Each structure stands twice: as structure tokens, then as C-alpha cells.
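Visitor: Chain B: place on chain A using the hints.
2 protein chains.
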Amino acid sequence: MATKYLLPEDRLPTAWYNIVPDLPEPPAPPLNPATGQPAGPEDLAAIFPMDLIMQEVSAEPRIDIPEEIQEIYKLWRPTPMLRAYRWEKALGTPAKIFYKYEGVSPAGSHKPNTSVPQAWYNKKAGINKLSTETGAGQWGSALALATQFFDMECLVYMVKVSYHQKPYRRSMIHLWGAEVIPSPSDTTASGRAILAGDPESPGSLGIAISEAVEIAATRDDTNYSLGSVLNHVLLHQTVIGQECLAQMELADAYPDVVIACVGGGSNFAGIAFPFIGEKVKHGKDVRIIASEPAACPTLTRGIYAFDYGDTAKLTPIVKMHTLGHDFVPPGIHAGGLRYHGMSPLVSLAKEHGLIEAEALPQTECFEAAVQFARTEGIIPAPESSHALASVVRVANECKESGDEKTILFNLSGHGHFDMAAYDAYLSGNLEDYAYPEEKIKAAMKNLPKVG
Amino acid sequence: MATKYLLPEDRLPTAWYNIVPDLPEPPAPPLNPATGQPAGPEDLAAIFPMDLIMQEVSAEPRIDIPEEIQEIYKLWRPTPMLRAYRWEKALGTPAKIFYKYEGVSPAGSHKPNTSVPQAWYNKKAGINKLSTETGAGQWGSALALATQFFDMECLVYMVKVSYHQKPYRRSMIHLWGAEVIPSPSDTTASGRAILAGDPESPGSLGIAISEAVEIAATRDDTNYSLGSVLNHVLLHQTVIGQECLAQMELADAYPDVVIACVGGGSNFAGIAFPFIGEKVKHGKDVRIIASEPAACPTLTRGIYAFDYGDTAKLTPIVKMHTLGHDFVPPGIHAGGLRYHGMSPLVSLAKEHGLIEAEALPQTECFEAAVQFARTEGIIPAPESSHALASVVRVANECKESGDEKTILFNLSGHGHFDMAAYDAYLSGNLEDYAYPEEKIKAAMKNLPKVG
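Residue numbers (this note's numbering), protein chains in the order written: chain A, 29 to 479; chain B, 29 to 479.
Bear in mind the hints are in silico, worked out from the structure with no lab data behind them.
Be aware that a few hints might be false.
Copies of the same chain look alike in the list, so a pair counts if it works inside one copy or between any two.
Below, computed lysine to aspartate or glutamate pairings styled on EDC-like, alpha-carbon distance capped at 20 Å [claimed, not checked]:
1. Lys-433 x Glu-207
2. Lys-32 x Glu-96
3. Lys-102 x Asp-92
4. Lys-102 x Asp-280
On a predicted model such as this, the values are computed, not experimentally measured, just so you know.
Next comes chain A alone, as it looks inside the complex:
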């Protein structure tokens, strides 16, 4: 009985999959935050290298992965895809559950799939320092790892609540040679403005992005690197779904349902987009679910509109699902999902009915994660646990109906640096947050008047 589906190295993807030509309409162009006019490549050149800008706006169906990046991918890729026999049994479901496990990367999540190419293209453009933000620390550690590989410097603004909740993610970033600053900080004008309004601000991804972008925009030697949301970031993550397509072939199966958690959209797009491509091009029917936190319900409760990607209005304005760039989500343990916006490509796929979304309270997510850890062994990251909770819902539907559906989900990372969250859950001290309606309503009033 095969449990683990391992691809030989010679079946690794050699190109990234670009969903843009397979979507019913092209994505709306980003707007310059100062003028409200469409932003051209030159508007982005202050903080990104031209190769990544070209990927950001590309409509080519496939983009070759440079050989040097393919070599580094091999440190952890192909990642395993496994059948969760023991979890299926514990759930008492007739569903077949497969999971792709991205936690085998050195940083413990899918994030190095894009941090490595981003660092590589910057290095190629002569840039030796990158600034970035991080929530739970998964992205910050992934970029620290990648910049270390290419002898570059790295400056990480870490959302303050996570900085204190997850000291060892910080240590990991230090070990890989990067500098970490808790955000909001007094090192930037954006940070100082937030602190003036609320010295106790727990921070948010939106605020940390402002700080990192400000540094890159005001320093010639520094570029900015983003761990999710943007088209080129999602593009790099499509190695996940492409491997799954080949691994599903090895398993002689095909998913009826594909599930991933969603914050900015990168691990979700990584697994889902290649399956959307198969659906669009070859009519292969598949239900795709994006699982988001009830405390930050961007896809299910946000509106589809133009908005800033950050709190200080320094990033381009993009069309996406948003809760308002002023919205600071409650301090849930899934720090990587605490983002007011959504990838424009994921939002567009949602608008066209190619995917659906559901919002989950964190205790339901931890319940699923603990059951998974006790049956399959792996301890999921709090972010990934949202996907697990959705899997449980579908598996229970199958139990009711007797349907033997095939479910594939992305286990985007491990929870080795999130044990305090498990301690809280197991001791009954983890709370769910009420839907933050008033805060979202207030934030919605500040959307930019464009488009």
C-alpha cells in the first residue's frame, strides 16, 4: 500500500505556470498610489528588479525556472504527497484524503519556493540587500534563508504580536544572518505614525509592509520583497500544484476537491492554480476551497474593490477583496493570515466562480490540527490548520452522504515554532474572536476613490 508519492527529480517542474492567460479576463492593472493612474513597470522599479516586474505583468502561459534556482529547489523539492489513511479512519469518512507537505523545506513552509527566486533575481540585478515584512515569521525566515544562499543582507519587519509570541522564529531569522525589527517600530515614518496613534499596537501585516516598503523606496541599495499577494509570488508557488498533478498520476487518482488556507494567497494559489488550468483547458471538474480565518474574513466578508496593500498607502493600489487597509485583525495565532487584502489573481478567480471560500474560527482549526497530529504525526502550522478544518467539513459531508470523494489539501507548513499556540489550545485558553464588524466597517470608509 503506497502511502507517500515521491517524484523522481527528473519529473520536477522546469517552468512556472502562469494562470493569467487561463482566466476569463485579464487582471486590472495596479494603480500608482500617488496619482491613482495605472502603474507602469517604471513605477515599480524603485523597489523591484526588472525581471520580477516583467513576471508580474506577464501573460505568457509558462515561465522557465532558471537552472540555478532548480538546483536550490532540490534541497527540499519534490515535497512529498501522502495519503492520510490514519486520519481518514479517525474521521470515519469514506473520503480519500491526500495532502501535499511543504513543511519539509528548511524554513518549514512553502515560502522558500518564492524567496529563493526573488533573492536570485535581485542579486542578478546587482541588489545586495532586501527588506521585507513577516507575520508569524515564516516568510521572514524564508527570505533570510534565501538571501543567505546568495550572500545578501536582509532586514525583516516582524509583526509585533508574533515577534513576542514566536521568539524562536526570530532566532531562526538571526541564524540565517538577517536583522529583525518588531513592527510598528520607530525606524520608519510609517511605524512612528502608527505608534503615535496607538503605542500598544500589536502590528499587522499591512503596517509591517509599509515599513519595509518605505525602507526600500528610500534606500538605493535596498529592494523590497513580498511573501504573497503579488502575481510573481503566486507564480513561483505553482511548483506545488504542478508536482501534485504528477503525484496524483502516480496515485492513479484525481481530486474532486482541492483545499488550502488563504491569507495573501500564495500557498493557496500554489496548489490550486495548476488545477484551475486543467479545469479551464481540459474541462477537468474540481471544487476548490480557500480557507480563511473568521477573524480576518477577506474573501467571504470583504468587498472586491481597489485598495492599498499596506496601511501607509505606499504600495500600488490593486483590485482585490479587502477589509480596508486600516483594518488591524485580532491577534489570532495564524499570524500569516492576518492580512486585510487578498491576491488580485485569487480575488479574480473568486469573482468568476473558479474557487469558493469559507471562514473558520481558530478553535475549530486547532481541533482538526490536533487530531491530524495524533494520527498522521505531523504538527501543522496554525495557518495550515485552516485547510484541515475545511477538510474535516468536507469529510463529514462525505460521511453523511456516503460519497467517496477524493480530497487534496496543502499542508503548507509545520507548527514547530507555534507550540505556545498548541499549549493554549490544549489547556483550554484559546479563544475565538467575534467577527470584527465595527472595525471592518470603519476601515471600509477609507478605501481610495478610484476605478
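Guide: Relative to chain A, chain B alone:
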């Protein structure tokens, strides 16, 4: 260029390799701690199930792995073997360095290779509760995982210094449903005796073993489970080396040198014994190095004699290299290597010149580990870092001589729960301990008068 050598599942070992028939003489029988006479299977039956006792004394060359255990192994096995191209380059060595990575198991080390069969054989014998000790927490978490798989209870005595240094290993053990008690504790007579002499005792593996054995010996419903040292434990770990033999074939190479860290001997034996078998049976020459901490130099400075496996003299007396069962090693971060004794089979191999040993100070080990983390990405466990330091020594010899040696080492686990140790090293606060000569001399005076 292949980086990672992945075995297909159908090439996984189906039997464990037993080194006993390949050794120049049979191991000395263990002695009953009360009488000093050879201990028969019945002496061990109070704390072990008969299947494991039979494995402990077996002279069969191969012992089949039950199918249910093979299935669970597939959750993380085969583990990858990789070529460390980037580290080789950073070292400037002509040596080819391969590493087997056991950190992909759910518990993050090689330990589940034996915790799963131990739990399974106990369950089969009708036992529903296991007691054990743990140093750094790697073994305790591995046994918690395994007992959880079979719906058994688990009680873990964790060496006090590690209990406080590594709170999240504790959380991991809790998550997998086990109870953890810092050792020495007041829950056993052995623990109370130690605390009476030294209320501030940091604990040691020898003390924690006494507590766990006492519980198993005095409770009918509870058996004892050991994470290293014993013959059957080393036997289970030989899946590592057997996979390496097949993976070396895939790499079209064969090691000149095999290196692993050594505490009680289990990850070392796991990778080394199958290569000793090749040497003995087919004359394949290979140098094998056991890397131990300078603060607990059992193989390099201990004597080969009969001694107790624990501080309270509850375990059988075995012939091994020992620093004396009263010896409490300094509180180095490699908690899993803080053991006064050594596996009798590893000791016997050392006596017959089949392996050599070297002792390394912890700063040299962390220096190698940081360089490895910055080139290959993976963060090694402090225990494993001893193997890395030995690799660096051999790689530097090759650099001097121009020799293109092929080195294979066992990266027995990751350091995700040891970041505080890396913080200490990176901030310059990690100290090396002087060779604890006086403490060892004193402990040596208390060896049992037998044999």
C-alpha cells in the same frame, strides 16, 4: 545534477539488520543487578515484552519488520540522502559529502524508527502504558508519538536541565498525549534519593532511566521503553544504514568515511552497522567515526567494563564503555548525548577496531552547524552537530592532502526546538566545559565488582 537521492517505497528495507553474527565475538550477557549473575529473558520480563527480549538476545542475521510497522515507517521513510554541494564549496574541500537526513520524521529525529516498533510489540503483548526517560526530549516526543498511534498511555521523565531549556519539546510530548515529569522528581524512590543529596541536581539520563525503570518495575500495567543503548533499539535503527546502502548505489558512490554522533549509540549504529556488515562480509573498506561530546567522552576516555545503565542500579549490568554510573555530565546543549555509558554493541565494535571515536567541544560543533545551516539550509540538532564537526575535520584533512574522499554522515535530527542554544552560540555566550576529570575519577570508583 542530482542532489537528493530518493528511494522508491518498494526498495524500503523489509527486515532489520542484526550485527551480532558479524561481530568477531558474541556480546557479553547482561548481568542481573541484584545478583551479579547472567540475566535470562525472565529477568527482563518485568519491564519488556517477550518479542523485544528475544530481539535483544537474537543472533539471527535479519529480523523481519512486521507489515504494520512498515506501513507506519512510510509516514516519513524513506528519508532523503543528499549531496551537500554548497557546504563542500564553503569548506573548500575536494571531499564529496553526502548526508542522510532523519529530521523529516514527525518527531524530527531518527527516534521514531524504534519508538514505533517498541510501542507496537508492547501493545501486542497487552501492555497499554509505557514509561521512559528523555534528555533533550527527542526520545520522549518520539515515544509519545508512537504510543499515540496505538492508543497507549505514556509517562516521560525528562532530564530537568532540558525540561527548562526546551519547553516546546515538552509541549510536543503533551500534544501527542503523554505526561512529562522533570527528573529527578519526588514521584520515585530513585528521584527522592538524588534530590536528598542535591536538591539542585540538573538531572542526567542515568537518573531519569532509574525513575522510569522503577515505575515500570513496580507497576503491573506499565512497561519500560529505552531510546538507545540496548541491542533491540540499535537493531530497529538499521533501516537508516540499509537505505543509505541503496541510496549510495543510486548515487553511484560508496563512502570512504561514515560519521555519526554518539550518545547511547542508536543513530550511530543505525547508519554504521549495515556498513560494518558490508565490510565484514564483502571486505568493503570503510572508516567509521563516532563523534561524542568532550564533556561526556564515553568512548574516548571511559573504560570498557561492566557497569549499571542507570544511577540507582536498577537496570541490568552490561559490558560497555563507561564513565561510571554516578557521573553527571555538564549541562551541554546536546542533551541527548549526556549519558555515562554506551551501547554494548558499539563498545564491542570499538574494542575490535571496527570503529574509531573522537570527542568534540560544543563550540566547534555549533560552528559547523551554523555553516551547514547557512549553506544547506537545514538547522541541525545540537546532538547531530557533533557529526558535522567531525565531517569538517575530515574535509579539512582532504583539503590538505587533496584527497577526494567520499564522506557520508547521519544528520540525525533538526534543531527547531534548540534555537535557544543557537541564540547562545551566536551571541558568544556558549561555553566549552573542561574535561570533567575529577568527577569521572570519582564515579569510576563505584563500578560494580563483577565479571
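Visitor: Each hint: holds or not?
Guide: Status of each hint after checking the structure:
1. Lys-433 x Glu-207: Result: close neither inside a copy nor across copies, 46 Å intra and 38 Å inter.
2. Lys-32 x Glu-96: between (27 Å within a copy, 15 Å between copies)
3. Lys-102 x Asp-92: This pair counts as within: shortest intra-copy Cα distance 16 Å, inter-copy 33 Å.
4. Lys-102 x Asp-280: Between. Shortest inter-copy distance 18 Å satisfies the 20 Å Cα cut-off; intra-copy 25 Å does not.
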